[in-house]
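Number of protein chains: 2
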Amino acid sequence: MTDKKRKFWGWGSVGEGFSDADMRPYEAEYAGIFGVDGFTVDPFPRSEEIDLAAPRLAVPKSLEAVLSADHWERLVHTFGRAFHEQVRIMARDFRNAPDLVAFPRHEQDVIDVLDWCTRVKAAAIPFGGGSSVVGGVHPDVGEGYAGAVSIDLRRMNKVLEVDHTSRAARIQAGTYGPELEDQLRPHKLTFRHYPQSFQYSTLGGWLATRSGGHFATLYTHIDDLVESMRVVTPAGVHDSFRLPGSGAGPSPDRMFLGSEGALGIITEAWVRLQDRPTFRANRTVEFKDYFAGARAVRAISQAGLYPANIRLLNHDEVKYSGTASGEAAILVLGFEGADHPLEPWMARALECCSDHGGVVSAEGDEGAGDPRAGAAGRWRNAFIMGGYLREAMVARGLITETFETAITWDKFEAFYPAMIETVANATRAATGRAGIVSCRFTHVYPDGPAPYFTFRGLGTRGRLSEQYDIIKNAAADLLIDWRATITHHHAVGRDHRPWYDRQRSPVFAKALTAAKRALDPAGILNPGVLLDPAR
Amino acid sequence: MTDKKRKFWGWGSVGEGFSDADMRPYEAEYAGIFGVDGFTVDPFPRSEEIDLAAPRLAVPKSLEAVLSADHWERLVHTFGRAFHEQVRIMARDFRNAPDLVAFPRHEQDVIDVLDWCTRVKAAAIPFGGGSSVVGGVHPDVGEGYAGAVSIDLRRMNKVLEVDHTSRAARIQAGTYGPELEDQLRPHKLTFRHYPQSFQYSTLGGWLATRSGGHFATLYTHIDDLVESMRVVTPAGVHDSFRLPGSGAGPSPDRMFLGSEGALGIITEAWVRLQDRPTFRANRTVEFKDYFAGARAVRAISQAGLYPANIRLLNHDEVKYSGTASGEAAILVLGFEGADHPLEPWMARALECCSDHGGVVSAEGDEGAGDPRAGAAGRWRNAFIMGGYLREAMVARGLITETFETAITWDKFEAFYPAMIETVANATRAATGRAGIVSCRFTHVYPDGPAPYFTFRGLGTRGRLSEQYDIIKNAAADLLIDWRATITHHHAVGRDHRPWYDRQRSPVFAKALTAAKRALDPAGILNPGVLLDPAR
Chain F
125 MTDKKRKFWG WGSVGEGFSD ADMRPYEAEY AGIFGVDGFT VDPFPRSEEI
175 DLAAPRLAVP KSLEAVLSAD HWERLVHTFG RAFHEQVRIM ARDFRNAPDL
225 VAFPRHEQDV IDVLDWCTRV KAAAIPFGGG SSVVGGVHPD VGEGYAGAVS
275 IDLRRMNKVL EVDHTSRAAR IQAGTYGPEL EDQLRPHKLT FRHYPQSFQY
325 STLGGWLATR SGGHFATLYT HIDDLVESMR VVTPAGVHDS FRLPGSGAGP
375 SPDRMFLGSE GALGIITEAW VRLQDRPTFR ANRTVEFKDY FAGARAVRAI
425 SQAGLYPANI RLLNHDEVKY SGTASGEAAI LVLGFEGADH PLEPWMARAL
475 ECCSDHGGVV SAEGDEGAGD PRAGAAGRWR NAFIMGGYLR EAMVARGLIT
525 ETFETAITWD KFEAFYPAMI ETVANATRAA TGRAGIVSCR FTHVYPDGPA
575 PYFTFRGLGT RGRLSEQYDI IKNAAADLLI DWRATITHHH AVGRDHRPWY
625 DRQRSPVFAK ALTAAKRALD PAGILNPGVL LDPAR
Chain C
125 MTDKKRKFWG WGSVGEGFSD ADMRPYEAEY AGIFGVDGFT VDPFPRSEEI
175 DLAAPRLAVP KSLEAVLSAD HWERLVHTFG RAFHEQVRIM ARDFRNAPDL
225 VAFPRHEQDV IDVLDWCTRV KAAAIPFGGG SSVVGGVHPD VGEGYAGAVS
275 IDLRRMNKVL EVDHTSRAAR IQAGTYGPEL EDQLRPHKLT FRHYPQSFQY
325 STLGGWLATR SGGHFATLYT HIDDLVESMR VVTPAGVHDS FRLPGSGAGP
375 SPDRMFLGSE GALGIITEAW VRLQDRPTFR ANRTVEFKDY FAGARAVRAI
425 SQAGLYPANI RLLNHDEVKY SGTASGEAAI LVLGFEGADH PLEPWMARAL
475 ECCSDHGGVV SAEGDEGAGD PRAGAAGRWR NAFIMGGYLR EAMVARGLIT
525 ETFETAITWD KFEAFYPAMI ETVANATRAA TGRAGIVSCR FTHVYPDGPA
575 PYFTFRGLGT RGRLSEQYDI IKNAAADLLI DWRATITHHH AVGRDHRPWY
625 DRQRSPVFAK ALTAAKRALD PAGILNPGVL LDPAR
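Taken in sequence, the protein lines are chains F and C.
Position in the first sequence counted from 1, then plus 124, gives you the working numbering.
Position in the second sequence counted from 1, then plus 124, gives you the working numbering.
In short, the hints are calculated from the structure, not lab data.
Because the structure is a prediction, the values reported are computed rather than measured.
Treat the hints with caution; some may be incorrect.
Identical copies look the same in the list; a pair holds intra-copy or inter-copy alike.
[Claimed, not checked] Lysine to any residue pairs mimicking SDA-like chemistry, simulated, CA-CA at most 20 Å apart:
| no. | residue 1 | residue 2 |
| --- | --- | --- |
| 1 | LYS185 | GLN232 |
| 2 | LYS634 | PRO645 |
| 3 | LYS312 | ALA423 |
| 4 | LYS185 | GLY136 |
| 5 | LYS185 | ASN220 |
| 6 | LYS634 | ALA646 |
| 7 | LYS443 | ASP413 |
| 8 | LYS535 | THR289 |
| 9 | LYS535 | GLY271 |
| 10 | LYS128 | HIS195 |
| 11 | LYS128 | MET470 |
| 12 | LYS282 | LEU474 |
| 13 | LYS535 | VAL286 |
| 14 | LYS634 | VAL361 |
With these hints in hand, go ahead and build the complete structure from the sequences.
Shown next as structure tokens:
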């Protein structure tokens with residue numbers, strides 16, 4: 125982790141983010157969209173404004189080097205980056221701050237902290253980079269606990285071993301994205317797992333939440349990049365064989381992938397790496413008709429070409445992300461590799477596009493080798509800066525959220541307009557005026573896309589969470605009605621629980637509950653996430 | 125399922141297999157290898173020779189249409205196709221025959237049979253095609269049960285829905301390989317999952333055992349081809365959303381994939397299909413040096429080319445499979461697809477081969493478009509006939525077995541000679557003379573191969589199982605010592621349990637045991653497989 129001090133009121137570190145001057149173009153845009161003159165700006169909280177209750181837990185002598193009651197750290201570990209949480213930050217509502225924050229130096233510290241938590245009946249909340257947008261790290265653990273400890277793995281941030289032959293590395297779970305890539309760079313290898321949270325999220329967090337990464341096809345979820353894992357549970361340390369593939373019983377790693385801290389704390393993993401790409405082919409293709417673009421994407425996804433990037437932005441996503449004017453949907457298409465020129469791959473993908481009326485943008489051609497050029501580059505910049513935008517928008521009374529799913533192709537063309545309409549109607553009902561809603565594909569499979577929706581509305585101060593709920597709940601209900609997943613890669617956390625419970629079969633819930641009780645008999649691990657807190 | 129009557133003493137149906145005349149060339153070959161004059165042939169059992177104890181379970185009136193005490197069917201459902209089982213068949217040892225065989229017509233029958241088994245405390249053994257080579261369907265359930273019921277899903281053999289847009293189908297679990305492809309053919313789609321057992325194994329069996337299929341790279345295990353599953357458990361019917369991808373908690377399907385009948389009975393699944401291939405590129409490449417061949421395979425597997433076939437046969441595998449003389453290792457390399465010509469892919473793969481000293485065989489060129497031609501074709505024929513060979517060899521007192529694993533590339537070049545030597549030494553120790561052991565890759569990953577070993581020795585009648593154990597145990601011990609998986613796609617069954625228990629962490633064993641107790645409180649489901657029988 126960097127030495128920079130983390131913000132407790134928003135994305136990233138102190139000193140980072142949008143200044144008032146930076147926000148002016150956004151203010152002008154949203155003033156136009158919502159028909160208002162401008163925005164007043166609520167101030168972010170200062171740490172000294174916030175009174176925290178004294179910790180309910182006393183630090184035992186044996187863990188003095190690990191546990192902290194530092195005021196700033198308790199604030200930092202109170203919230204992730206969900207919309208609700210941002211509203212509560214602005215309201216200075218830190219009532220669920222963890223009593224203590226643990227910074228284990230090694231696996232034995234994790235074991236010792238969990239042992240102590242079990243003994244004193246403290247809830248243990250694993251914390252990676254704190255980038256959860258679903259309430260996954262918020263210590264709202266209910267009455268049954270003597271207190272709550274946030275367990276931040278940022279001191280465990282080393283690449284421990286690199287196997288060049290197999291292209292794999294053993295990496296500690298607390299390693300942040302940039303420091304992970306920094307340590308691999310001298311080896312000419314890369315993990316190439318770039319969720320939007322990359323700068324402020326960790327390997328352990330990615331694994332615990334089944335993070336979606338850089339590759340838009342094939343190796344989409346981190347699940348497929350795992351050789352083995354070590355996981356500390358109150359019942360012992362799980363350790364799997366490091367394997368390229370196996371058929372020996374149900375996959376143990378797949379039980380811990382997506383367990384969101386409810387079954388154990390991931391301390392390290394062997395993961396599969398890539399050679400650093402030296403060949404690239406990038407194009408931007410415009411489609412007047414969005415569904416024609418989606419059909420081109422389907423053709424490419426079923427052709428066995430496996431582009432690294434195949435992100436289809438609908439007209440509104442193009443417009444509101446500042447990528448282009450929005451007169452056409454845009455497909456950002458890219459191949460990359462370290463072995464061979466990719467023009468035959470790109471040529472065939474472009475044929476699929478032109479079969480469906482796609483036109484390669486001239487500007488895209490110029491930047492064919494450079495994903496930072498042209499419309500693709502502008503979209504990429506908006507993507508990276510997105511993390512900082514939310515806090516600035518909430519401070520201006522704006523509602524902003526993204527949600528994502530996956531659905532099979534046969535249902536997509538009926539589902540998509542239903543979702544756009546549902547969110548538009550709910551935004552109008554919630555806020556009394558029209559909002560905006562847009563869509564892109566983040567990942568694509570032969571049997572269906574992972575559509576990613578963004579909505580924005582002008583909220584009413586004091587009612588932001590309530591207004592947000594009306595929109596978000598309508599969208600989530602529609603997902604489950606369509607049997608689309610409640611999340612493709614954002615995870616379940618506390619916020620998606622009601623819909624996750626409808627998606628998950630009662631039989632699987634029984635099995636998972638039983639597994640949890642076996643590994644965490646005291647029910648201390650991230651209570652309320654995936655399963656109900658212990659009583 | 126076909127109308128042909130299944131053999132209870134060997135592979136396939138009555139009337140199929142090697143005749144004595146067919147076996148003559150094999151006898152000549154093995155007589156030469158083992159330095160004997162010839163072989164006497166033990167007769168296969170006839171059904172009327174075998175006395176079975178009367179069923180300990182009475183068929184309840186409500187299940188008369190489903191349960192059978194037919195003598196022949198009880199014999200058919202006593203054994204899978206493991207070496208041990210073949211020896212016991214020849215010894216007429218059917219003491220563990222199931223008391224009854226169930227043939228459910230639909231999911232409700234499966235539910236009713238499991239309910240009844242729970243009530244009367246009968247062990248319930250799911251049975252697909254009976255092709256298990258690891259004792260996965262043998263009703264050796266111990267003392268704690270009132271009897272054993274083999275549950276054969278062959279009546280549930282329909283493709284229920286086809287979604288052309290997403291290229292997927294909903295298929296009943298009892299559907300055999302050939303009838304599955306027959307039903308997809310009119311739709312111009314194919315599942316392309318061809319384990320060696322294809323003709324006599326079912327979708328449900330493939331799913332329950334994490335079967336390895338046709339594709340040597342990328343979509344190797346059936347796991348990656350599953351959209352959703354329905355599974356009947358004593359605690360209810362599990363049903364997952366049909367999704368192209370998801371990140372909502374630990375994958376429910378991944379818990380049932382590889383559960384080998386211990387957690388429930390899979391009744392149907394939505395699976396991902398392919399267009400029928402219209403483009404093919406096949407070549408055979410010879411390598412004087414086996415490790416040079418392996419390094420070429422590694423280069424191709426890390427290049428992002430994803431061949432459908434990349435099976436490297438070592439010198440002895442080439443020789444003893446009758447593929448060629450065995451002066452060189454042979455790489456059977458193939459690309460296939462339905463979208464575009466594959467020559468750029470093949471051209472780059474052949475460059476990787478020639479970088480490592482590989483020479484394209486002239487004969488292979490002739491059959492470039494036809495996987496049935498040349499050395500590749502001869503190997504393919506041996507592969508398909510392999511199922512029938514075992515029973516004929518055991519009848520001649522020969523020990524024959526295959527086992528398989530996966531291991532990372534960094535360890536492979538030290539592991540491989542250690543394994544060859546271990547099996548050779550154990551064969552000599554067990555049988556008093558040299559045997560043969562050979563190796564091929566069945567599947568290949570960027571981080572390692574799945575080597576598949578075949579060993580043969582001249583056994584002593586009456587001591588075949590004991591001799592076999594000496595060899596198999598030495599091989600299995602070595603796998604676990606190297607932290608290579610005890611099975612890549614053959615499954616665990618009853619035979620691999622001791623090594624699976626060493627591979628699986630105690631923490632995961634606790635979780636799986638707890639999940640099993642939650643779904644199957646009476647412990648009736650396939651007792652002894654993956655977990656100990658209930659007490």
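Hint by hint, here is what the structure shows:
1. For a Cα distance limit of 20 Å, the shortest separation of LYS185 from GLN232 inside one copy, 16 Å, qualifies, whereas the shortest one across copies, 60 Å, does not.
2. Taking the shortest alpha-carbon separations for LYS634 and PRO645, both the intra-copy value of 15 Å and the inter-copy value of 12 Å come in at or below 20 Å.
3. Taking identical chains as interchangeable, the C-alpha atoms of LYS312 and ALA423 lie at most 20 Å apart only when they sit on different chains, with a minimum of 16 Å there against 34 Å within one chain.
4. Within a single copy, LYS185 and GLY136 get their C-alpha atoms no closer than 32 Å, and across copies no closer than 69 Å, so neither meets the 20 Å cut-off.
5. Within a single copy, LYS185 and ASN220 get their C-alpha atoms no closer than 25 Å, and across copies no closer than 60 Å, so neither meets the 20 Å cut-off.
6. Proximity of LYS634 to ALA646 under the C-alpha cut-off of 20 Å is found in both arrangements, the shortest distances being 17 Å within a copy and 15 Å between copies.
7. For the homomeric pair LYS443 and ASP413, the shortest alpha-carbon distance inside one copy (15 Å) is at most 20 Å, but the shortest distance between copies (59 Å) is not.
8. Taking CA atoms no more than 20 Å apart as the test, LYS535 paired with THR289 passes between copies only; the shortest distance there is 9 Å, against 43 Å inside one copy.
9. Taking the shortest Cα distances, LYS535 and GLY271 never come within 20 Å of each other, neither inside one copy (46 Å) nor across copies (47 Å).
10. Taking CA atoms no more than 20 Å apart as the test, LYS128 paired with HIS195 passes inside one copy only; the shortest distance there is 17 Å, against 76 Å between copies.
11. For a Cα distance limit of 20 Å, the shortest separation of LYS128 from MET470 qualifies neither inside one copy, at 41 Å, nor across copies, at 50 Å.
12. Within a single copy, LYS282 and LEU474 get their C-alpha atoms no closer than 41 Å, and across copies no closer than 38 Å, so neither meets the 20 Å cut-off.
13. Taking CA atoms no more than 20 Å apart as the test, LYS535 paired with VAL286 passes between copies only; the shortest distance there is 14 Å, against 43 Å inside one copy.
14. When the C-alpha separation of LYS634 and VAL361 is checked against a cutoff of 20 Å, the pair qualifies only between copies, where the shortest distance is 12 Å, while the shortest distance within a copy is 23 Å.
The structure fails hints 4, 5, 9, 11, 12 (numbered hints given earlier, in ascending order).
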